[in-house]
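What follows is each chain in one-letter form.
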Amino acid sequence: DAGVTQSPTHLIKTRGQHVTLRCSPISGHKSVSWYQQVLGQGPQFIFQYYEKEERGRGNFPDRFSARQFPNYSSELNVNALLLGDSALYLCASSLGRGVYTQYFGPGTRLTVL
Amino acid sequence: EDKVVQSPLSLVVHEGDTVTLNCSYEVTNFRSLLWYKQEKKAPTFLFMLTSSGIEKKSGRLSSILDKKELSSILNITATQTGDSAIYLCAVGDDKIIFGKGTRLHILP
Chain V
5 DAGVTQSPTH LIKTRGQHVT LRCSPISGHK SVSWYQQVLG QGPQFIFQYY
55 EKEERGRGNF PDRFSARQFP NYSSELNVNA LLLGDSALYL CASSLGRGVY
105 TQYFGPGTRL TVL
Chain F
16 EDKVVQSPLS LVVHEGDTVT LNCSYEVTNF RSLLWYKQEK KAPTFLFMLT
66 SSGIEKKSGR LSSILDKKEL SSILNITATQ TGDSAIYLCA VGDDKIIFGK
116 GTRLHILP
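Heads up: the sequence lines are chains V and F, in that order.
Under this note's numbering, the first residue of the first sequence is numbered 5, with each subsequent residue one higher.
Under this note's numbering, the first residue of the second sequence is numbered 16, with each subsequent residue one higher.
Note that these hints are calculated values from the structure, not bench results.
Owing to the predicted nature of the structure, the values given are computational and were not obtained by experimental measurement.
One thing to keep in mind: the hints can contain errors.
What the hints assert, rightly or not - 30 Å max Cα-Cα, derived DSSO-like pairs, lysine-lysine: (1) 110/F <-> 82/F; (2) 56/V <-> 52/F; (3) 55/F <-> 17/V; (4) 17/V <-> 115/F; (5) 52/F <-> 110/F; (6) 110/F <-> 83/F; (7) 17/V <-> 56/V; (8) 34/V <-> 115/F; (9) 56/V <-> 34/V; (10) 56/V <-> 56/F; (11) 52/F <-> 34/V; (12) 56/V <-> 72/F; (13) 34/V <-> 18/F; (14) 34/V <-> 71/F; (15) 56/F <-> 17/V; (16) 72/F <-> 56/F; (17) 71/F <-> 52/F; (18) 83/F <-> 56/F; (19) 110/F <-> 56/V; (20) 17/V <-> 72/F; (21) 71/F <-> 18/F; (22) 34/V <-> 72/F; (23) 56/F <-> 71/F; (24) 17/V <-> 110/F; (25) 18/F <-> 82/F; (26) 34/V <-> 82/F; (27) 34/V <-> 55/F; (28) 82/F <-> 52/F; (29) 34/V <-> 56/F.
I would like the entire structure built from these sequences, with the hints used as guidance.
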């Protein structure tokens, strides 16, 4: 079975631009969460989606938004990119909300110049 | 504010040694505590501990949850160079909070 997939693997943008990152969960998983990981830190929670609705949000500005589609895949959008948005963006899927293990995708490395 | 604190932040030991990694937490909503191993990119799942499952073991790795002390430990016995990685602890509910991780380096 395929694991969590993310695209693209790497991305270079300039300040002020917009970016869309994509995630496909493990088959059968209905929940997708997004994390930002900067060097030397643990992943920071951005969003969780379950059954196409936002179920949790971390402390990120409104420039960050996401959505989940009927097939449970998800997109993370970041507007007006800042240098500080450079990070590894990880997507994790789980069967449902709450007490379920989250399985991570390989991540998208975003560099903002 | 919810927080997860891991210690030590960095650890260097020799192959064959036993290590204990610590995780303490203060979160509003607790449903589970998870341990992950991160080598290159994606964290890989090790254990999940909940109120109904406070002790887990897999091979040389084991973990215990102490709900009274709001903490957990991850033990690795007979360490190998392949155990070198960052070990992450995460706690929460719909909102998962990660610690900064413990960077473990095993010397041959």
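Hints versus structure:
1. 110/F <-> 82/F: Given pair residue 110/F, residue 82/F holds - Cα atoms ~19 Å apart, limit 30 Å.
2. 56/V <-> 52/F: 29 Å, holds
3. 55/F <-> 17/V: This hinted pair holds, its Cα atoms lying about 23 Å apart.
4. 17/V <-> 115/F: Judged against 30 Å, a Cα distance of about 27 Å means the pair holds.
5. 52/F <-> 110/F: Within the cut-off at roughly 20 Å; holds.
6. 110/F <-> 83/F: 21 Å, holds
7. 17/V <-> 56/V: 28 Å, holds
8. 34/V <-> 115/F: 27 Å, holds
9. 56/V <-> 34/V: 8 Å, holds
10. 56/V <-> 56/F: Satisfied, since the Cα-Cα distance of roughly 27 Å is no more than 30 Å.
11. 52/F <-> 34/V: Roughly 24 Å separates the two Cα atoms, so the pair holds.
12. 56/V <-> 72/F: Not OK: residue 56/V and residue 72/F at ~35 Å, beyond 30 Å, violated.
13. 34/V <-> 18/F: Given that 30 Å is the threshold and the Cα spacing comes to 27 Å, the pair holds.
14. 34/V <-> 71/F: The given pair, whose Cα atoms are some 26 Å apart, holds under the 30 Å limit.
15. 56/F <-> 17/V: Distance of about 20 Å is within 30 Å: holds.
16. 72/F <-> 56/F: Holds, at about 24 Å.
17. 71/F <-> 52/F: Measuring from Cα to Cα gives roughly 15 Å; hence the hint holds.
18. 83/F <-> 56/F: With Cα atoms ~33 Å apart, residue 83/F and residue 56/F exceed 30 Å; violated.
19. 110/F <-> 56/V: Holds, at roughly 16 Å.
20. 17/V <-> 72/F: It is violated: about 44 Å lies between the C-alpha atoms, which goes past 30 Å.
21. 71/F <-> 18/F: Roughly 23 Å between the alpha carbons, so the hint for residue 71/F and residue 18/F holds.
22. 34/V <-> 72/F: 28 Å, holds
23. 56/F <-> 71/F: 25 Å, holds
24. 17/V <-> 110/F: Holds - the C-alpha atoms of residue 110/F and residue 17/V are around 28 Å apart, at most 30 Å.
25. 18/F <-> 82/F: Satisfied, since the Cα-Cα distance of roughly 15 Å is no more than 30 Å.
26. 34/V <-> 82/F: At roughly 29 Å apart (the allowed maximum being 30 Å), residue 82/F and residue 34/V satisfy the hint.
27. 34/V <-> 55/F: 26 Å, holds
28. 82/F <-> 52/F: Holds, at about 22 Å.
29. 34/V <-> 56/F: Distance of about 23 Å is within 30 Å: holds.
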